[in-house]
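Assemble the dimeric complex from its two separately framed chains, guided by the hints.
Sequence lines, in order, name chains X and D. Numbering-wise, the first sequence is residues 2 to 117 according to our numbering. Numbering-wise, the second sequence is residues 4 to 116 according to our numbering.
If you're looking for bench data, these hints aren't it; they were derived computationally from the structure. If you're wondering where the values come from, they're calculated on a predicted model, not measured in any experiment. One or more of the hints may lead you astray.
Think about it this way: if two alpha-carbon atoms lie no more than 27 Å apart in a straight line, the pair counts; the simulated DSS-like pairs of lysine-lysine are [stated by the list, open to error]:
1. X:LYS67 <-> D:LYS45
2. D:LYS103 <-> D:LYS59
3. X:LYS65 <-> X:LYS21
4. X:LYS67 <-> X:LYS56
5. D:LYS45 <-> X:LYS65
6. X:LYS42 <-> X:LYS67
7. X:LYS15 <-> X:LYS67
8. D:LYS74 <-> D:LYS103
9. D:LYS103 <-> D:LYS71
10. D:LYS103 <-> X:LYS42
11. X:LYS67 <-> X:LYS21
12. D:LYS45 <-> X:LYS42
13. D:LYS59 <-> D:LYS74
14. D:LYS103 <-> X:LYS56
15. X:LYS67 <-> D:LYS103
16. X:LYS15 <-> X:LYS42
17. X:LYS21 <-> D:LYS45
18. X:LYS21 <-> D:LYS103
19. X:LYS15 <-> D:LYS45
20. X:LYS42 <-> D:LYS74
21. X:LYS42 <-> X:LYS65
22. D:LYS103 <-> X:LYS65
23. X:LYS21 <-> X:LYS42
24. X:LYS56 <-> X:LYS21
25. D:LYS103 <-> D:LYS45
26. X:LYS65 <-> X:LYS15
These stretches of chain X come out as covered by chain D in the derived footprint (C-beta under 8 Å, 3 or more residues) [claimed, not checked]:
27. 34-45
28. 105-111
Backbone N, C-alpha and C fix where the C-beta goes; we use that ideal spot for every residue, glycine too.
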Amino acid sequence: GAVVSQHPSWVICKSGTSVKIECRSLDFQATTMFWYRQFPKQSLMLMATSNEGSKATYEQGVEKDKFLINHASLTLSTLTVTSAHPEDSSFYICSAKTTTSTDTQYFGPGTRLTVL
Amino acid sequence: GESVGLHLPTLSVQEGDNSIINCAYSNSASDYFIWYKQESGKGPQFIIDIRSNMDKRQGQRVTVLLNKTVKHLSLQIAATQPGDSAVYFCAVKGTGGYNKLIFGAGTRLAVHP
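Looking at chain D on its own, in the form it has when it is part of the complex (with noise of 0.2 Å):
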């Protein structure tokens, strides 16, 4: 079956430092990708989307890359800042019907002062 997966579990950045949070999928049909930030006991929150035909996609201090190639999408945090520490999930669109969004585990990231 389909599947998404994380790179790392936990990240560990500096306060105003780059954040890159990366995922691999399995399906190469895929076209829509999401990264979502849940923060602890809150639902998650939309921070960035991307369709298949495009590589790259910019928002306020957040960028999505994605390779079709290798089936990977990453997520580039800007001057990251302790508001950032959360949960980042990956979801991608399932191929069968309803849209249906396929998570990764999920990555920790820590911002230290």
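Excised from the complex, chain X in its bound form (with noise of 0.2 Å):
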């Protein structure tokens, strides 16, 4: 149970287009997603809480217009990388909490995503 897939799990697009990741919680229904950010050699940096049918609340430094996340349904959100560039490139994980628990995350397993 608490499984978590993410789409796609690596693309890579040319500077100044934008590059759309789903993240979809399978077998639960999940009220708050979280995204985060990876770099090589890194640890997880917290980028957004994105909570169900509500405006997702962004880390300090993150632009929300340049991230642009949507959590449409209790299942579903999706985060939108806008006029990227080679600078965003990275590994982007999503994670869930399932409605039953109050504080595990479950993570999803990354989209690497470069920019040319």
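What follows is the structure in structure tokens.
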């Protein structure tokens, strides 16, 4: 149980284009999903917290107009990187919190974004 | 702000030995702690968690110890196997809203045959 998927698993795009990453909870409903970014050999950095049906809460220093988050249902959240640049290349990971669990987060497999 | 740190960036052990990975946190009000395992190119995998009303919790081959006095927790892996090679992160639930997790820097565990 508590499986989270991400799509795509990797993506390569040209500078200036936008990329959408999907995060799905497969066997549970998630009222809250989290988006993280991880650079090589570094830890996970929280970008934003996404609550179903409401606006995402962004961490300090994360541009909300560049990283658009939509959490339209209890099983799907999307992250769109707009006007991507090479410095946006990273490993993007989502996690989801079950409605029956107060604290445990289950992570997706991650999406490797490379911006040329 | 809140922070989580690890004592060692890399830990090398022999197969079959026990491994101990340590983590320190800064906020004495933290009440929930998790250990995750991350293999290369994959997302973090939940290993074990513990709440602040406990000092010790055991799972399959893993034990988490929490010392609230010195704000320290550790992950013990018994009979370490090559498949345990990965980066291990401790995470602490933040005291703000939305149950945010604050991750430590990570310790790479290398298991040698």
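Now the hints, each set against the structure:
1. X:LYS67 <-> D:LYS45: holds (25 Å)
2. D:LYS103 <-> D:LYS59: Roughly 23 Å separates the two Cα atoms, so the pair holds.
3. X:LYS65 <-> X:LYS21: Distance of about 14 Å is within 27 Å: holds.
4. X:LYS67 <-> X:LYS56: Cα-Cα ~14 Å, so holds.
5. D:LYS45 <-> X:LYS65: It holds: about 26 Å lies between the C-alpha atoms, which stays within 27 Å.
6. X:LYS42 <-> X:LYS67: Since the Cα atoms of X:LYS42 and X:LYS67 sit roughly 24 Å apart, the hinted pair holds (cutoff 27 Å).
7. X:LYS15 <-> X:LYS67: Distance of about 16 Å is within 27 Å: holds.
8. D:LYS74 <-> D:LYS103: Cα-Cα ~19 Å, so holds.
9. D:LYS103 <-> D:LYS71: It holds: about 20 Å lies between the C-alpha atoms, which stays within 27 Å.
10. D:LYS103 <-> X:LYS42: holds (22 Å)
11. X:LYS67 <-> X:LYS21: holds (12 Å)
12. D:LYS45 <-> X:LYS42: With Cα atoms ~13 Å apart, D:LYS45 and X:LYS42 stay inside 27 Å; holds.
13. D:LYS59 <-> D:LYS74: holds (14 Å)
14. D:LYS103 <-> X:LYS56: Roughly 16 Å separates the two Cα atoms, so the pair holds.
15. X:LYS67 <-> D:LYS103: holds (21 Å)
16. X:LYS15 <-> X:LYS42: With Cα atoms ~24 Å apart, X:LYS15 and X:LYS42 stay inside 27 Å; holds.
17. X:LYS21 <-> D:LYS45: holds (19 Å)
18. X:LYS21 <-> D:LYS103: Distance of about 23 Å is within 27 Å: holds.
19. X:LYS15 <-> D:LYS45: holds (24 Å)
20. X:LYS42 <-> D:LYS74: Roughly 25 Å between the alpha carbons, so the hint for X:LYS42 and D:LYS74 holds.
21. X:LYS42 <-> X:LYS65: holds (25 Å)
22. D:LYS103 <-> X:LYS65: Answer holds: D:LYS103 to X:LYS65 is near 18 Å, not above 27 Å.
23. X:LYS21 <-> X:LYS42: With Cα atoms ~24 Å apart, X:LYS21 and X:LYS42 stay inside 27 Å; holds.
24. X:LYS56 <-> X:LYS21: holds (17 Å)
25. D:LYS103 <-> D:LYS45: holds (21 Å)
26. X:LYS65 <-> X:LYS15: Within the cut-off at roughly 21 Å; holds.
27. 34-45: Holds: 4 residues of the stretch 34-45 of chain X have a Cβ under 8 Å from chain D.
28. 105-111: holds (count 7)
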